[in-house]
Amino acid sequence: MGNGADTVSPRGGSGRASPRVRSTLLVGDIGRAFVDADSVRRYPCDVAASLLDGVDMAARGDFAVVGVVMDGAAGHLHATLKALRKGTRAHIVLLAQMHEEPIARRLVEEGREGSRLADEYMVCPTFLTRVCDRVASCASGPASSSPDGQAQTPPVGTLAPVDPTQLEQRLRHLEHLATTDDLTELKNRRYILEFARQALERGKASRGRVTLLLFDIDNFKHYNDVYGHLAGDEILRQAGILMRRCCRPHDVVGRIGGDEFAVVFWDDPYRIDGHTGQDRRSADTDHPAGVISVAKRFQKEFGNAELHLLGPDGRGVLTISGGLASFPRDGSTIQELFERADMALLEAKRDGKNRIYLVGEPQSDIANIR
Amino acid sequence: MAASESHLHPRVIVVGDRHNGFVKEMVCLAGEYELAVTPCDDVYSAVTELARHPDRSLLVIGQFRQLMRGKGDFLALAQRHGTHCCCLLDEESGMERDKILTAVRLGVRLAGEMADIREFLTGRLAAEGPRGPETNEEDLFREELRATEDELKALLRQETDG
Numbered sequence: 107m108g109n110g111a112d113t114v115s116p117r118g119g120s121g122r123a124s125p126r127v128r129s130t131l132l133v134g135d136i137g138r139a140f141v142d143a144d145s146v147r148r149y150p151c152d153v154a155a156s157l158l159d160g161v162d163m164a165a166r167g168d169f170a171v172v173g174v175v176m177d178g179a180a181g182h183l184h185a186t187l188k189a190l191r192k193g194t195r196a197h198i199v200l201l202a203q204m205h206e207e208p209i210a211r212r213l214v215e216e217g218r219e220g221s222r223l224a225d226e227y228m229v230c231p232t233f234l235t236r237v238c239d240r241v242a243s244c245a246s247g248p249a250s251s252s253p254d255g256q257a258q259t260p261p262v263g264t265l266a267p268v269d270p271t272q273l274e275q276r277l278r279h280l281e282h283l284a285t286t287d288d289l290t291e292l293k294n295r296r297y298i299l300e301f302a303r304q305a306l307e308r309g310k311a312s313r314g315r316v317t318l319l320l321f322d323i324d325n326f327k328h329y330n331d332v333y334g335h336l337a338g339d340e341i342l343r344q345a346g347i348l349m350r351r352c353c354r355p356h357d358v359v360g361r362i363g364g365d366e367f368a369v370v371f372w373d374d375p376y377r378i379d380g381h382t383g384q385d386r387r388s389a390d391t392d393h394p395a396g397v398i399s400v401a402k403r404f405q406k407e408f409g410n411a412e413l414h415l416l417g418p419d420g421r422g423v424l425t426i427s428g429g430l431a432s433f434p435r436d437g438s439t440i441q442e443l444f445e446r447a448d449m450a451l452l453e454a455k456r457d458g459k460n461r462i463y464l465v466g467e468p469q470s471d472i473a474n475i476r
Numbered sequence: 004m005a006a007s008e009s010h011l012h013p014r015v016i017v018v019g020d021r022h023n024g025f026v027k028e029m030v031c032l033a034g035e036y037e038l039a040v041t042p043c044d045d046v047y048s049a050v051t052e053l054a055r056h057p058d059r060s061l062l063v064i065g066q067f068r069q070l071m072r073g074k075g076d077f078l079a080l081a082q083r084h085g086t087h088c089c090c091l092l093d094e095e096s097g098m099e100r101d102k103i104l105t106a107v108r109l110g111v112r113l114a115g116e117m118a119d120i121r122e123f124l125t126g127r128l129a130a131e132g133p134r135g136p137e138t139n140e141e142d143l144f145r146e147e148l149r150a151t152e153d154e155l156k157a158l159l160r161q162e163t164d165g
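If you're matching them up, the sequences are chains Y and R in order. Under the working numbering, read the first sequence as residues 107 to 476, first letter to last. Under the working numbering, read the second sequence as residues 4 to 165, first letter to last.
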C-alpha cells in the first residue's frame, strides 16, 4: 500500500485532507472497484490509497460517506472499520468484489444499529457516481420528500429530478433480479459461475482452497409428476433453505437449473479469530474436512425434512446425489471443477443415488469419510 | 479544544493488545510520569487517536513488530504529523534489518529494554517543557548541529595539527 503521497484530492491538490464538509472519501485500490476509476478527478471525492491513510483522512476531515475497497484489505479490514467507526460519523460503504459479498453482507447485517462495522455494501465493479451520490441521501434523507413528509410531485411538463436514493434502490433491485433465482431466492447460475471464478482467482493468489459441490434431488421428476409442480417447487425451496442453513456464512449456494444446485466453499480470508481461514484436511482424504461435514449435515437434514405437500409419508423420503471437486486438487479452472464434480455426481447416480462422491476417489462416498 | 491542549504534557499512546503485559507495563510507566495515556489495540486505532489530538504533543510507544506492520506506513504517517515514536525491539527484530533502517530514517527511537523507554520519555518531557514543543524541538536540533560541527572542526584541527 502507498503512503500519503498517494492521496489525491480533485479540489485541493494532493496530500492531507483539510477539514471539509460533507463529501466522499474512497479508501483502497479504486481501480479494482470502479469501472470509471480513471475519471475520479471529475467527482467530488478524495482518495486514500492505503487503509491507514484512509483512517487518518476520515478522522481529520468531515466526510459524509467513506467507501472502503475490500479487495486487498484482508487481515486488516476489521481493524480499519473499527477505527473508521471510532474516528468518523460518516456512512461507511463496503466495496466488495462478488466473492466478497457474503462477508460484506455479514459485516453490514451483524450487530446492532449504530454498532455495525459498515452501513451498506455495493458489489464491484460499479460506478463512482453510485458512491458519490450517497452523499446527497446521507446528508438530507429522501430527496423527494417535502418538509411535511409528503412526496413531492413535479409540475406537469417538467422532468422529475433524479432522486439518488430511489435510483440506488432501483439499481439494487435490478442487481437482485439479475443474480437471484426467483423460486428459491438462492443465487442463480450466472452469479455462481462468476463467484466461483473470483474465488478461484483469490485461491490461486493466496494459496487458498475452493471446493465445488454439485448436487441434485433424487427422483425429483417423480415428485413433480405424482404430487404436482407446487410440491416440486416446495422441495426445491426447502433444499435451498436447508443448504443455506448448513453452510458457513461466507459460502455461496445457488440453483443452477432444474433440480440442480451448486455450492462454492472457500477459505474466508477475513476471519478475525486468529485462524488463517483455511479449512483443515480430512483424515481420510485431501478434501477439506469442513466441507465434507457441511455436506453430510445437509444430507441428514434434507432426509429428515418434513414436507406437508407430500402428505404423511413425506418425511424421510428425500435424498440427494452429489459430486465434490476441490481446487487445486481436482482442477485449476471453473470449467474443470464443474466437469469433474458433474462426473462424480453422475457416478453417484449410477451407483444407486443417495450419496455424494469425491472427485478422483471412485466409490468414495462422503458417508465413509471421517 | 485542540488549541488549548498544546501547552499540556504529551499524551502517550500505547499500541498493542490490552491484555498484553507490555501494554500494562507501559500504562504504569506513563502513570509514573503522570502522563495521560491511551491504549490502542492496533495501529489503525492509534491513527484515529492521533487525529483526535491534532494540536497536542503525542508520543507513541509500541513493540517493533506492531508499529512496523507493512512497510512502516504507520511510522511514516506519525512522522508526517510530527509525532514521536518509540519501538521496543525483541529478539526477532534483529532479523529485520531493512525495517530497522526504515525506522531509524523515520526518526523512531529504538528501545532495547525498558530503561531506554524511560530515557525516551524523560528526553521528550525535557524537550517539550514549559515553552512548548515546537520551539524546543528547533533549539535541540540547532544544538545538535552545533555539537556536530564542533566535533568535525575538532577532528579537522587534529588532522591539520598532526
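Incorrect hints may appear among the rest.
Unchecked claim - The calculated DMTMM-like cross-link candidates involving lysine to aspartate or glutamate, where the alpha carbons are at most 20 Å apart (straight line), are:
{"#": "1", "chain 1": "Y", "residue 1": "K459", "chain 2": "Y", "residue 2": "E442"}
{"#": "2", "chain 1": "Y", "residue 1": "K188", "chain 2": "Y", "residue 2": "D239"}
{"#": "3", "chain 1": "Y", "residue 1": "K327", "chain 2": "Y", "residue 2": "D177"}
{"#": "4", "chain 1": "Y", "residue 1": "K406", "chain 2": "Y", "residue 2": "E445"}
{"#": "5", "chain 1": "R", "residue 1": "K27", "chain 2": "R", "residue 2": "D45"}
{"#": "6", "chain 1": "R", "residue 1": "K74", "chain 2": "R", "residue 2": "E116"}
{"#": "7", "chain 1": "R", "residue 1": "K74", "chain 2": "Y", "residue 2": "D135"}
{"#": "8", "chain 1": "Y", "residue 1": "K406", "chain 2": "Y", "residue 2": "D287"}
{"#": "9", "chain 1": "Y", "residue 1": "K459", "chain 2": "Y", "residue 2": "E366"}
{"#": "10", "chain 1": "Y", "residue 1": "K327", "chain 2": "Y", "residue 2": "E274"}
{"#": "11", "chain 1": "Y", "residue 1": "K192", "chain 2": "Y", "residue 2": "D168"}
{"#": "12", "chain 1": "Y", "residue 1": "K188", "chain 2": "R", "residue 2": "D20"}
{"#": "13", "chain 1": "Y", "residue 1": "K327", "chain 2": "R", "residue 2": "E99"}
{"#": "14", "chain 1": "R", "residue 1": "K74", "chain 2": "Y", "residue 2": "D471"}
{"#": "15", "chain 1": "Y", "residue 1": "K192", "chain 2": "Y", "residue 2": "E216"}
{"#": "16", "chain 1": "Y", "residue 1": "K192", "chain 2": "R", "residue 2": "E99"}
{"#": "17", "chain 1": "Y", "residue 1": "K188", "chain 2": "R", "residue 2": "E99"}
{"#": "18", "chain 1": "Y", "residue 1": "K455", "chain 2": "Y", "residue 2": "D365"}
{"#": "19", "chain 1": "Y", "residue 1": "K188", "chain 2": "R", "residue 2": "D44"}
{"#": "20", "chain 1": "R", "residue 1": "K74", "chain 2": "R", "residue 2": "E99"}
{"#": "21", "chain 1": "Y", "residue 1": "K455", "chain 2": "Y", "residue 2": "E307"}
{"#": "22", "chain 1": "Y", "residue 1": "K192", "chain 2": "R", "residue 2": "D44"}
{"#": "23", "chain 1": "Y", "residue 1": "K188", "chain 2": "R", "residue 2": "D45"}
{"#": "24", "chain 1": "Y", "residue 1": "K455", "chain 2": "Y", "residue 2": "E281"}
{"#": "25", "chain 1": "Y", "residue 1": "K406", "chain 2": "Y", "residue 2": "D471"}
{"#": "26", "chain 1": "Y", "residue 1": "K406", "chain 2": "Y", "residue 2": "D322"}
{"#": "27", "chain 1": "Y", "residue 1": "K310", "chain 2": "Y", "residue 2": "E226"}
Stated by the list, open to error - Listed next, with one range per pair, are the computed distances between beta-carbon atoms:
{"#": "28", "chain 1": "Y", "residue 1": "R195", "chain 2": "R", "residue 2": "M98", "range": "39 to 45 Å"}
{"#": "29", "chain 1": "R", "residue 1": "K74", "chain 2": "Y", "residue 2": "A284", "range": "48 to 54 Å"}
{"#": "30", "chain 1": "Y", "residue 1": "K459", "chain 2": "R", "residue 2": "E99", "range": "42 to 48 Å"}
{"#": "31", "chain 1": "R", "residue 1": "R108", "chain 2": "Y", "residue 2": "H184", "range": "57 to 63 Å"}
It should be emphasised that the hints constitute simulated quantities derived from the structure, not laboratory data. Quick reminder that beta carbons are idealized off the backbone N, C-alpha and C, glycines included.
- Given the hinted pair Y:K459 and Y:E366, is their alpha-carbon gap at most 20 Å? holds, 14 Å
- Query: Within 20 Å, alpha carbon to alpha carbon, are Y:K192 and Y:E216?
  - Reply: Cα-Cα ~17 Å, so holds.
- Query: If you draw a straight line from the CA of Y:K406 to the CA of Y:E445, is it 20 Å or shorter?
  - Reply: Violated, at about 26 Å.
- Item | Agreement of Y:K188 and R:D45 with the hint, judged by alpha carbon distance not exceeding 20 Å | It holds: about 10 Å lies between the C-alpha atoms, which stays within 20 Å.
- Message: Would the hint linking Y:K455 and Y:E307 be met if the CA-CA limit is 20 Å?
- Response: Violated: Y:K455 and Y:E307 sit about 31 Å apart, past 20 Å.
- Restraint check for R:K74 with R:E99, where alpha carbons must lie at most 20 Å apart: Given pair R:K74, R:E99 holds - Cα atoms ~11 Å apart, limit 20 Å.
- Given hint Y:E442 paired with Y:K459 - CA-CA distance at most 20 Å: At roughly 23 Å apart (the allowed maximum being 20 Å), Y:E442 and Y:K459 break the hint.
- Task: Go ahead and decide if the range 57 to 63 Å is satisfied by the Cβ distance of R:R108 to Y:H184.
- Result: violated, 30 Å
- Task: For the pair we were handed, R:K74 and Y:D135, check the Cα-Cα distance against 20 Å.
- Result: holds, 17 Å
- Hint check for R:M98 and Y:R195 - Cβ pair distance inside 39 to 45 Å: holds, 42 Å
- Message: Can you confirm whether the C-alpha distance between Y:K455 and Y:E281 stays at or below 20 Å?
- Response: Violated: Y:K455 and Y:E281 sit about 35 Å apart, past 20 Å.
- Quick one, are Y:K406 and Y:D287 close enough, alpha carbons at most 20 Å? violated, 24 Å
Hint compliance for this structure: hints 1, 2, 3, 4, 6, 8, 10, 13, 14, 16, 17, 21, 24, 27, 29, 30, 31 are broken, all remaining hints hold.
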